[in-house]
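The task is simple: from the sequences and hints, build the whole structure.
Given next are the chains, with one letter for each unit.
There are 2 protein chains.
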Amino acid sequence: MSKVLTSRSEDYSQWYNDLVIKGELADYSAVRGCMVIKPYGFALWENMRDQLDKMFKATGHVNAYFPLFVPKSLFEAEEKNAEGFAKECAIVTHYRLKADPNNKGKLMVDPEAKLEEELVVRPTSEAIIWNTYKNWIQSYRDLPILVNQWANVVRWEMRTRLFLRTAEFLWQEGHTAHATKEEAIEETTKMLDVYAEFVEHYMAVPVVKGVKTESERFAGAEDTYCIEALMQDGKALQAGTSHFLGQNFAKAFEVQYLTKENKQEYVWATSWGVSTRLIGALIMAHSDDQGLILPPRIAPTQVVIVPIYKGEESKPVIDGKVKEITQSLSALGIRHKYDNSDQVRPGWKFAEYELKGIPVRIALGLRDLENNVVEIARRDTGEKTTVSIDNLANHISQLLEEIQQSIFEKALSFRNNNIRKVDTWDEFVQTLDEKAGFISAHWDGTSETEEKIKEKTKATIRCIPLNNTQEEGKCILTGNPSKQRVLFARAY
Amino acid sequence: MSKVLTSRSEDYSQWYNDLVIKGELADYSAVRGCMVIKPYGFALWENMRDQLDKMFKATGHVNAYFPLFVPKSLFEAEEKNAEGFAKECAIVTHYRLKADPNNKGKLMVDPEAKLEEELVVRPTSEAIIWNTYKNWIQSYRDLPILVNQWANVVRWEMRTRLFLRTAEFLWQEGHTAHATKEEAIEETTKMLDVYAEFVEHYMAVPVVKGVKTESERFAGAEDTYCIEALMQDGKALQAGTSHFLGQNFAKAFEVQYLTKENKQEYVWATSWGVSTRLIGALIMAHSDDQGLILPPRIAPTQVVIVPIYKGEESKPVIDGKVKEITQSLSALGIRHKYDNSDQVRPGWKFAEYELKGIPVRIALGLRDLENNVVEIARRDTGEKTTVSIDNLANHISQLLEEIQQSIFEKALSFRNNNIRKVDTWDEFVQTLDEKAGFISAHWDGTSETEEKIKEKTKATIRCIPLNNTQEEGKCILTGNPSKQRVLFARAY
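Top to bottom, those sequences are chains A and B.
Numbered per this note's numbering, the first sequence spans residues 237 to 728.
Numbered per this note's numbering, the second sequence spans residues 237 to 728.
Among the hints, a few may not be true.
One copy or two, it doesn't matter: identical chains are merged, so the pair holds either way.
[As the list claims (entries may be wrong)] Taking lysine-lysine pairs in the DSS-like style, the calculated list, with each CA pair at most 30 angstroms apart, reads:
# : residue 1 : residue 2
1 : Lys340    : Lys316
2 : Lys258    : Lys487
3 : Lys551    : Lys293
4 : Lys546    : Lys585
5 : Lys585    : Lys370
6 : Lys417    : Lys487
7 : Lys585    : Lys293
8 : Lys499    : Lys316
9 : Lys710    : Lys671
No lab work stands behind these hints, which were simulated from the structure alone.
Next up, the structure:
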């Protein structure tokens, strides 16, 4: 197999697109900005989704499902939220097509089937959900409500990229309702912790937990907490957000509850979400010029076995041995695949499974069997070792854990080496252009300065890290006093 | 707790609505015809979905995800399919809202953001998927494609009912591509068998497998296979369909493959789906005037434990014993809930869990503990027994299997008693009105007769059963010769 990917050094952005398409994760579709998630990409998403779902349930949440459409009058009820999403909404205006009298065999929108009120295809579900919670909440006994939804949402983005920014994407959105402010804030940070744990322990991508500045907040939130990851090209990527919504939606939708003291109070809210965008983060955090590198805990296939046949008579011998091996792998719950197709050569298969990012490859031929060994290759390091068939499954099981850890450590060390403290404007600009990564710098705390920095450099404040060190300093742009450093970066 | 449901004999339709809403399965929403699936209803759907998903994967299928929107030009490509769905489509025509200059704080559709080509919100995905398969299929090596999608779809129905017929619903749609006609037909019937197995063995609802008549076929199919169930009120419900699509979509989207013999041939297709409608079938097949009756295999909670406290000092004693019991239930994978809240009395809880259809209730008080027993109540029969705490979990496990079986047998016997052979028109009309159920009768095989029977009686041909007995007879309406009986019923 010839080289299939543009190299990262040549064109990182093209490398990413090549990888998504040739790795068979996703593809463009006939619908502007919408992607098709192919079976291999979807299997990856299923593993991520199932693990997240377990973690949501373990923290007391249940799933539900709310309508895809939001009537315009509900959509506009929370003004900031509406303003934030109005410019990128798909709008349903009609409910019927009819035969086009001027164009045989073609259809046209039936002008007589115009909706009285337009429907917005949900870009996020706060409005439709809080309009529903109004009916679910009467007294403190009805609280908290801890609901999550797995759904598709649509945001009419002008520039789209597979997984990273698509008009339609899949996500989960948690929407919780609480009696007190404290409880809602606790929920917001608890779910941030769940996201961080998932992204670090399962996706092997280290994150910085922080709070967004006012201008980067979710439309309608009082505070947006986030996890920020660093990609190999030095750009940051927001991997998940958890919003403390205060009483904004409760007030917009008149959701009050009767307290134990018999008073009417507005309900406190949170929402939090991660999406198929995480797959983009996963790819850009770990993969190389040969293809994907997937962490074992979420890889659809953890081990691929490739036989090295020599003549027809070797087949039953090797196949027989592999059967024993796959049974022992299954017994340990290891997801594996035996590729004994004879349409392509082993070398072609090796390249294919490197492209697909399968963490461990086992190869075995007749001579290996005579010696009771197989060859094992690690996808992440390329390292090859010869190991005994005895106790192979246990060895693989440990190796998978080792790979998981090793991928994380590598990304962590890269990330840590790419957080740079900078104290002057010149150094700031130079670092952004020459090294990229996160820049830890002082900022005077105003939206105006933040906006100017963005205009001049395209860098944004990714977050104010949680438990940030407080120190006196001067804003890199204005020289005005500052109490803490924040993290800047150019971002996806 | 007072009686909360309208009784079935009083008003079956109202009983159904009461049960869906008071059983907290689903609720109406602010969007015309769209429902909110509440956490309890969604937990039920998750169990059904997960089991189906396992069965799809065990038969070689993988999941993927395709866009929500279908450009009008693709939608109209397969003419029969387009014609079948054109009248009930939600259409996206714009992609932006803007501030309404005449109405402060309100939004309006931005006329400048009109789409060049309208987008249909998918009522089903054959068009968008076959337009994609065109790129996936070149030669026989690319076949078969065995893909399934879990998704929301929208059909702008005029009369909607919770779960049974909603504008938006959740479903799965399998879309497969094959090299030969035989293979595609084999896939169609294989998936029908999977549906039948799921509905009978998990939902405990017996079904008749059959083929639809031409006029009841899926728009764009060559043949539609179906499973038909019977509800308690004697009306039939189509529980799932599996379509042999021939080469219709391959021709509409120009999907050809190179055969082993180096010839270009059109690809053969199937599609098959079941939806949240199944929840409606489940409710109407089993439940009673006290509430839901859920089969143990898909019940979100299989066992509820209610303590009968007498004074504060009894609490730690009972709670301690229950802890042992719940541990032993967990060890056997039994889904259980301990309700020791003291805000309501045991009698209220009993009624609540009857309403929710939890298959087994365990109640225990101090005196029971002294005798080392608990009281067990079966939801399906109402039967109560006193059993020893020793070996309780095993007893419950067997009981759950027994209940599963018993619910199915009851529904089966009802269904079998309600298939009636009828040979004259008068008898046909009388049976429909007085007894309902399935009517097995001769039909002359023409769409005209079928249509007339429907106009006169609202009964439709539910299916021509598979492996149907061939016998000479006369059509009940026209007296024309017929070779077999078909199943008629009024249906949901």
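Outcome of the hint check:
{"no.": "1", "hint": "Lys340 to Lys316", "in the structure": "between (46 angstroms within a copy, 14 angstroms between copies)"}
{"no.": "2", "hint": "Lys258 to Lys487", "in the structure": "between (49 angstroms within a copy, 27 angstroms between copies)"}
{"no.": "3", "hint": "Lys551 to Lys293", "in the structure": "between (47 angstroms within a copy, 28 angstroms between copies)"}
{"no.": "4", "hint": "Lys546 to Lys585", "in the structure": "within (16 angstroms within a copy, 70 angstroms between copies)"}
{"no.": "5", "hint": "Lys585 to Lys370", "in the structure": "between (57 angstroms within a copy, 25 angstroms between copies)"}
{"no.": "6", "hint": "Lys417 to Lys487", "in the structure": "within (14 angstroms within a copy, 60 angstroms between copies)"}
{"no.": "7", "hint": "Lys585 to Lys293", "in the structure": "between (39 angstroms within a copy, 24 angstroms between copies)"}
{"no.": "8", "hint": "Lys499 to Lys316", "in the structure": "within (28 angstroms within a copy, 60 angstroms between copies)"}
{"no.": "9", "hint": "Lys710 to Lys671", "in the structure": "within (22 angstroms within a copy, 86 angstroms between copies)"}
Checked against the numbered hints given earlier, this structure breaks none of them.
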